[in-house]
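This is what each chain is made of:
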Amino acid sequence: MRVVGAIIIILLLEIFAAGIVGGLFGSLTGLGGGAVVVPILSIYMGIPLYYATGASLISTIATSAGSARSYIKTGMANMRIGISLSIGTVLGAITGSLIAAYVYSQQLESVIFILFGVVLFISSYLELERLLRKKKAKRIRPDWSTRLLGLNGSYYDDVTGKRVSYRGARWHFAIIVMYLAGLLSGLLGIGAGVLKVLGMDLIIGLPIKVTTTTSNFMIGVTAATSSGIYWEHGLIQPLIVAPAAVGVLIGALIGSRLLPRISGKEIKILFIAIVVILGVQMVLRGVGIA
Amino acid sequence: MKYINKTASRIIDIGIALSIVLFSSGILLLVAQGGAPGVFVIGSAGIPLNLNTSSYPLAKAVAHPSGITLIYAGLFALVATPISVVSLLLYDFVRERNRIYAVIAAFVLLAMLVAILLIPALLR
Chain A
3 MRVVGAIIII LLLEIFAAGI VGGLFGSLTG LGGGAVVVPI LSIYMGIPLY
53 YATGASLIST IATSAGSARS YIKTGMANMR IGISLSIGTV LGAITGSLIA
103 AYVYSQQLES VIFILFGVVL FISSYLELER LLRKKKAKRI RPDWSTRLLG
153 LNGSYYDDVT GKRVSYRGAR WHFAIIVMYL AGLLSGLLGI GAGVLKVLGM
203 DLIIGLPIKV TTTTSNFMIG VTAATSSGIY WEHGLIQPLI VAPAAVGVLI
253 GALIGSRLLP RISGKEIKIL FIAIVVILGV QMVLRGVGIA
Chain B
17 MKYINKTASR IIDIGIALSI VLFSSGILLL VAQGGAPGVF VIGSAGIPLN
67 LNTSSYPLAK AVAHPSGITL IYAGLFALVA TPISVVSLLL YDFVRERNRI
117 YAVIAAFVLL AMLVAILLIP ALLR
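Note that the protein sequences, when read in sequence, are chains A and B. To get my numbering, take the position in the first sequence, counting from 1, and add 2. To get my numbering, take the position in the second sequence, counting from 1, and add 16.
Chain B extracted, bound-state conformation (with noise of 0.2 Å):
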């Protein structure tokens, strides 16, 4: 356990410091070319109210790379952070043949990319 509770650290240690970068790079960009395409960032008087994750989907982000990519992505490596956290713990249960805990493990990891893929996939 001591060293696997080392590995989750160090995933938490890269997975917060990728997403720091990604979001302040991302909004960066953004005030840098005045906004993504179809999103004007610098000639608007507030925040976009209408711009957010549904309005501008992540196929448009990947096809465009812009300061929103950037943040996608800062996303990403932030909800990921987590379920590599649960997906360590779920394969140290495993060598270590603790069955409960393996189950207790795969039905949280499992929870958490129904949730996290599997309901929003249902609900479009």
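With the rest of the complex left out, here is chain A (with noise of 0.2 Å):
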């Protein structure tokens, strides 16, 4: 009785740490606790991928809604902008946690192994081209939306210490993105932050600081309109998301602490790449190899 006790002590322990790496890893690529998390919790510890999935889309929640409270609190985070791009998440969430109770309905989870190492070879492209990419100040010519949503701002740059001005355009393109990443985050239980980013930065024209704090804004409400649907269908399994939520947190709390000290590139490629393997192990289950 005891060696069990302790079996499933360590189990949580495991699932814990599991949760603090993710949370750590997400934080410094850029990708989020869930898409590191998820891989972790599937692969290397065999639980059932819906539980991982369950288990970081609510984590995707806690560390969203953390990193997002210091820059809506000083308005780094546009959440006009954010709220008017919630329509396409909303919706996209609504769909994609639909299409995962049903495709886990059917033991389908194949298909959710391959689509997820997929997004994470995708989402590291992304990131990693971000990364690399010099950036340029866009001028994006103002449309209907620019001025029916008035979608400018400013905020105070810490590193110039200079108020910056922007506006921001093609909300309608913009949208549709939303709604994918909104899909995907339904469908993967991820925050799909890059996405997000990436509607952002190349369609409205947003400078990059306003892009990743008001996407995280977005994710936790994308992320709880989840919820609901993975609740019912029992996807989330409580000795799984507790300590995987807290997990995730505190890697998360570790990783923003430590992102400023990490100046070289090098390192943030280190860690891409470590991801694009997990991605490459979630395909390789998906199809029957490992």
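It is possible that part of the hints are untrue.
Said to hold, decoys possible - If we take Cβ atoms under 7 Å as the criterion, some of the chain B residues that face chain A in the derived model are:
1) Ala-24
2) Ile-36
3) Ser-41
4) Leu-45
5) Val-57
6) Ser-70
7) Ile-87
8) Ala-118
9) Ile-132
What the hints assert, rightly or not - With a cut-off of at most 25 Å between alpha-carbon atoms, the simulated DSS-like pairs for lysine-lysine come out as follows:
10) Lys-22(B) x Lys-164(A)
11) Lys-267(A) x Lys-211(A)
12) Lys-22(B) x Lys-211(A)
13) Lys-22(B) x Lys-75(A)
Read the hints as simulated data drawn from the structure, not as lab findings. Just so you know, these numbers come straight off a predicted model, no measurement behind them. Where is the CB? At the ideal position from N, CA and C, for every residue including glycine.
Now that you have both chains on their own, put them together as the hints suggest.
Right under this line is the structure:
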């Protein structure tokens, strides 16, 4: 009895540790805790994929809200733009979580494994490209959405010590990308922050600091939307979600402290490479090789 | 908006702190009590895979307080956090008479509530 008691305590600690590693890597790579914690729980710990994605979805709410709070307070996260784009993400999340529930009910886990791996590749590539790209200020021509939705704002840049004003446009195209981001979030239990940032950066033309911070606010709203359908379909296991969520939050906090001290791109590239390996393993599991 | 930003930030602080405390105490209670009604945590050699939010309904968790009840309460605290922030934004847009954003925030809030409360009920 004592031995089996010790086994379960060790398992809970392992899930907690997996959460910390996921949160840490997710924070350092910019891919989010869910993208890393799902492969760790499902591939290395043998936890069913549906419980891993359920735990990831809940962890995502905690980490995104935790990351967003200080930026909401300072006004760097643009809540108006965030809420307007959340129309797309919440509708996408409803679609994605319903598809997830259907896929798991039909025991088509392999589809999710493959899709998860592919999303990890694409997200890693986009994050890498963003890391290496030389950023130039874009001039976006204002359109109807700039005026009607007031897609503008300003923030204080700590590095330059100046106030940066910005404006965006092409909301109608960005909302399509947001729907897709919400769909992936609901389907895979991740934040899909890379896609949200991409939509705000390349389509609307917002500064990267505004896109990353606004995206964090939107991730929580999106993930919370999927939670009811996950709950109803039994994709949330209390003994997995609790230690994983606490671990991911702690890992993300450690990561956010470490991030400003990591100056070299090489370390971030190394972390992204590890995430790509996790992506390969997910695809291999999906096709029945690993 | 500045006041709203500070209030939203405070709501997030409270929501996260509450959920973390509830999750941690829920796990500790489950281990200390050896499980919950019908669930043997300490007696099983692995994570009980038949235990989930569908197999252990909320009504049971409320009727028989245990570590699972605390974890469920933590989940509610966490999900309620973004809902509260969107509600706060809606209140602010209505107060500012910003009609377009009031409609947008109301739509997002409604979609969230439909997804969290109505669709699961329809799927039952």
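A quick look at each hint next to the structure:
no.: 1; hint: Ala-24; result: 5 Å, holds
no.: 2; hint: Ile-36; result: 6 Å, holds
no.: 3; hint: Ser-41; result: 10 Å, violated
no.: 4; hint: Leu-45; result: 11 Å, violated
no.: 5; hint: Val-57; result: 6 Å, holds
no.: 6; hint: Ser-70; result: 3 Å, holds
no.: 7; hint: Ile-87; result: 4 Å, holds
no.: 8; hint: Ala-118; result: 10 Å, violated
no.: 9; hint: Ile-132; result: 4 Å, holds
no.: 10; hint: Lys-22(B) x Lys-164(A); result: 22 Å, holds
no.: 11; hint: Lys-267(A) x Lys-211(A); result: 18 Å, holds
no.: 12; hint: Lys-22(B) x Lys-211(A); result: 19 Å, holds
no.: 13; hint: Lys-22(B) x Lys-75(A); result: 5 Å, holds
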